[in-house]
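Q: Quick note, the sequences are listed as chains A and B, same order.
Sequential numbering from 1 applies to the first sequence in the working numbering.
Sequential numbering from 1001 applies to the second sequence in the working numbering.
Hints are computed from structural coordinates only; laboratory data are not their basis.
Owing to the predicted nature of the structure, the values given are computational and were not obtained by experimental measurement.
Glycine included, every Cβ here is placed at the ideal spot set by N, Cα and C.
A hint or two may mislead.
Cross-link-like lysine-lysine pairs, in silico, DSSO-like; alpha carbons within 27 angstroms at most [claimed, not checked]:
| id | chain 1 | residue 1 | chain 2 | residue 2 |
| --- | --- | --- | --- | --- |
| 1 | B | Lys1284 | A | Lys121 |
| 2 | B | Lys1319 | A | Lys43 |
| 3 | A | Lys43 | B | Lys1284 |
So the derived label-pair ranges between C-beta atoms look like this [as the list claims (entries may be wrong)]:
| id | chain 1 | residue 1 | chain 2 | residue 2 | range |
| --- | --- | --- | --- | --- | --- |
| 4 | A | Ala80 | B | Asn1215 | 27 to 33 angstroms |
| 5 | A | Met36 | B | Thr1167 | 37 to 43 angstroms |
| 6 | A | Val50 | B | Pro1106 | 51 to 57 angstroms |
| 7 | A | Gly63 | B | Ser1253 | 42 to 48 angstroms |
| 8 | A | Glu92 | B | Ser1378 | 36 to 42 angstroms |
| 9 | A | Lys88 | B | Gln1082 | 14 to 20 angstroms |
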Amino acid sequence: MKFIRLISLLLIPLMFLACNRSKNNPGYDYMGKHDMYYTKFYKAFTPNPVFRDSITNQLPVEGAVARGKMPFPYPGASIAERAANQAKAGLEVNNPLEVNTEVLTNGKAHYDIFCINCHGKNGKGDGNLYTSGLFPAKPTSLVEPYVQSKPDGEIFYVITHGSISGLMGPHGAQIQPEDRWSIVSYIRDLAN
Amino acid sequence: MIFNVSVIKSLLRLKGLLLSGFFTLLLFINLSYGQTAEAEANFAVCKACHTIGGGKLVGPDLQGVTERRDEAWLIKFIQNSQELINAGDPEAVKIFEEYNKIPMPPNNLTDDQVRDILLYIENGGVVAGAEVGETEQEVAEEVAVEDADTELLVEMKREDARHLQATFIAMVVLILLALFDLLVTKIIKQKWIPIVILIIAVIISGEVIFIEATNLGRQQYYQPEQPVWFSHKVHAGQNQIDCKYCHFTADKSMHSGIPPVAVCMNCHNQVKKGKITGETEIAKVIDAYNNGEPIEWVKVHNLPDHVYFNHSQHVNVGKMDCTECHGDVEKMDEIIQVNDLSMGWCIDCHRTKEVNFANKFYDQYKQLHEEIANGEKSKVLVTDVGGEDCQRCHY
């Protein structure tokens, strides 16, 4: 009898071992899921039952202009829109920034994050994604007359809405307008 | 004599035949290799707007274009389409208007280079002798070997946690056995032995309880499965894409942000086959984009809600590198939480990290400026500007 008791006691740890900590399990909390640790409010990236599309991060109302921002009323969702508006934006919008070292350093910093992958360090269209053979189409060289002869507004438009062909995607959501303008200044500087 | 002459003549003929055959072979090799390889490189520019047998893109599908149109006209149009349109060529104007008046940029190519491209189009856009499949497979194998290494490391760390659990259970069993023997069975005659075992087991299990209790609410080595098998190692490591290309709000907002699917589509409108997973995982992203449905990624790095953490403060003002907190993300296929994100870990850094005191915001810290001027202080740490104040993070 004693022997059986001992054996059964030894079996208990084996039962416990079954509940291992898996990589999908974040572990336990001190105060539970609904106390001060994790409150019930909806965070920026959590689903939200209040809105119809169940997204917490709602877009601003259409036509809203943020404080201190200039609206850029040249849509470019489709190929036809981009073809119509690209040259128009070039004629009507000017670069609001004066070219100085501060603008150029800011432009370089943002160029090195958002443009360098395709257009390359020196803007020759020899970025890592193309030279390694991952991206099939050759990116446009930014230092040749084809781009350099375009007005600032047109380059800004292409960064915002992408190229007419849609091969370069829109980067307007990723880069703030003033940073886009400083990238334009930096591209001008690259050619010299 | 007659016999000899005829033999020599026939030998000469054979030699000539062989030679001419050799030269035509040489020419053929040149045509099929040298020229198409250059044409393929040149066609990379065209690919932006045209397909060969893949339907309309921005410009027309080029399959069979050499049959539809005259070669001389094609060469002129490809070299400078606008010139032809402005000259009022009816065919050129017609196609310009048919395709939404989007001008085709001029191409700096010679007549021969254009003819090569036309040949390449006629062949259906295939280069002879190119073996792409093999190299792709090699890359995939390389990646797999590297994966195995990092996964082993992570598995070992998770194994440590299991060992703690096993140790604790073993200690509890020892305590129970010792007590059982001490009070009921009394097999061991010397009483001090079970007592010593009891004390040691209690101390060790207490230590385990202490470690586990401090780890409550911390999620170190948490590595959840994501809805899309996305590899940071491929994107940030091998492709060298900057962290902030996708997490573009890290230096402007409290959240570093999950990129919208539209950001993925900047590359994946063209790249539809992955290095490791092939087409299945990228197809999920493209579907999500087309249907307008967000992908529900699982958040890995969680902080309790009673802690305020701001990414822009650390990335933009503090100029910290992402890897300082998130580990070597560019070596991870699946993201794992490397640091425990505990308060002690935060404070440790605040006590040693130097502040960029040239920042205009710190002009108001008059006393610190005086101390630096006097030479009492050589550098200003985060803790000197309130990095250890409770309400800096808890409010």
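Q: Next, verify each hint and record whether it holds.
A: Hint check:
For the proposed pair lysine 1284 of chain B and lysine 121 of chain A, the alpha carbon gap of about 32 angstroms is over 27 angstroms, so the pair is violated. As the CA atoms of lysine 1319 of chain B and lysine 43 of chain A are separated by approximately 26 angstroms, the hinted pair is consistent with the 27 angstroms bound. With a C-alpha separation of about 25 angstroms, the suggested pair lysine 43 of chain A and lysine 1284 of chain B falls inside the 27 angstroms cut-off, and the hint holds. A hinted range of 27 to 33 angstroms is violated for the C-beta pair alanine 80 of chain A and asparagine 1215 of chain B, which are about 58 angstroms apart.
In this structure the supplied range 37 to 43 angstroms is violated for methionine 36 of chain A paired with threonine 1167 of chain B, their Cβ-Cβ distance being about 31 angstroms. For valine 50 of chain A and proline 1106 of chain B, the Cβ-Cβ distance of about 54 angstroms falls inside the hinted range of 51 to 57 angstroms, so the restraint holds. Range check, glycine 63 of chain A to serine 1253 of chain B: Cβ separation about 23 angstroms, and the 42 to 48 angstroms hint is violated. Taking 36 to 42 angstroms as the suggested C-beta distance range, the pair glutamate 92 of chain A and serine 1378 of chain B does not conform, at roughly 54 angstroms.
Taking the beta carbon of each, lysine 88 of chain A and glutamine 1082 of chain B are about 18 angstroms apart, inside 14 to 20 angstroms as hinted.
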